[in-house]
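Protein chains in written order, with numbering that gives the first Met the number 0: chain A, 0 to 136; chain H, 0 to 118; chain P, 0 to 97.
It is worth saying that the hints were derived from the structure and are not from the lab.
Backbone N, C-alpha and C fix where the C-beta goes; we use that ideal spot for every residue, glycine too.
You may find that some hints are simply not true.
[Unchecked claim] Output of the computed footprint for chain A on chain H, the stretches with three or more beta carbons under 8 Å from beta carbons of chain A:
| no. | region |
| --- | --- |
| 1 | 34-48 |
| 2 | 90-100 |
| 3 | 106-112 |
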Amino acid sequence: MATTKLGFIVQRPPYKSENPKLALTHAIASQSVEVYLNDGDIVTADIAFVGDGVLNCKKDQKAMDLYKLTSTETHVKMALLLDLNVLVCKEDLDRFGLTENDIVLNAEEFGAEMTVKVVPFAEITKMMEGVNHLLFF
Amino acid sequence: MGKFTIGCFSSLVGSMSLDFAVKLAGTALEKGHKVDLWVSGNATMLSLKGQRAFKDYSHLEKPLQELMQKGLTVTACEACAEARGYHKEHTIEGFKRHSMDWYLASAFDADRVLHIGGE
Amino acid sequence: MKLAVFVSDYRVNVDTLERLNPEKLGIIFVQNGVYHATVKENGNSSSLLKKSANHYVLLDDLDTRGLGNSDVADNVKLVTYGDIVDLIFNEYDKTAWL
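Build out the structure end to end from the sequences listed, making use of the hints.
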């Protein structure tokens, strides 16, 4: 039985680039990876939004209404529903004048128990040090 | 020797990131490493067979086939490919197609992972 | 953490690298990132060269752009694809592509 930890670092704002969405969909795929692994082996995915990437977490996104596209907000909620660890950089939220009231923090409507953690960049650095591999998007 | 997983999300034409990824994969293979190459997003363009080799555009089908014969495993994100109209029948022989969890499974026992993001 | 960071653009539109402070940092200039190792804008070298790190530049990507050894800053080491594979496996334990 072994665990490999992956850290997904999202640095860019949503929609103009496919990167943030692919970060989330690939991280979410950690929940179905067992089909390729031996019993007991797992892959965990932590997601951190840093820099301009924190803009992915703005709530009340209307991408589905306007472009028929799943919003990054919904992808974040899916990640929470699947118990992924989601971190958002506090310093970057501050830089944009955003508070916890402005971003998606939970997915209670889907029954998710996990919540988004707004943390200093130092905490995100600790996560990066603790994982086996980093994937910057 | 170790296992090296390379993920590339950049398009074949325009960024040269796939040129870099394929060259790096080939060099790692020559050094005796096991190499998995995962392409997702716009990089799934790499999986299309029958692309004409103009000198003004990156063209990697031939070196890729040579590397696959030497043991390179190349896999495209199936959903990303289908979303772009790249169906199974359009895929280069030997090029695999799987869901995104394949990339994470490859990373599971990789000694090193290099993730090259997209545009 | 021993981190090898690939810089592939000259105009880097993310500030992540400035904020990273690993135990050991390698900065590998590839693609248009090679201009960090070679050009001076208004007489000033790239700020990335001032960062405490081991700096490398990919020879193929220099040659592709009409640049050579004499254009490269003193504290940057020229490397081949083979060298990069060895750096990844022997000198660093994680990678980042910015």
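Each hint, compared with the structure:
| no. | hint | verdict |
| --- | --- | --- |
| 1 | 34-48 | holds (count 3) |
| 2 | 90-100 | holds (count 3) |
| 3 | 106-112 | holds (count 6) |
Every hint from the earlier list agrees with this structure, and none is contradicted.
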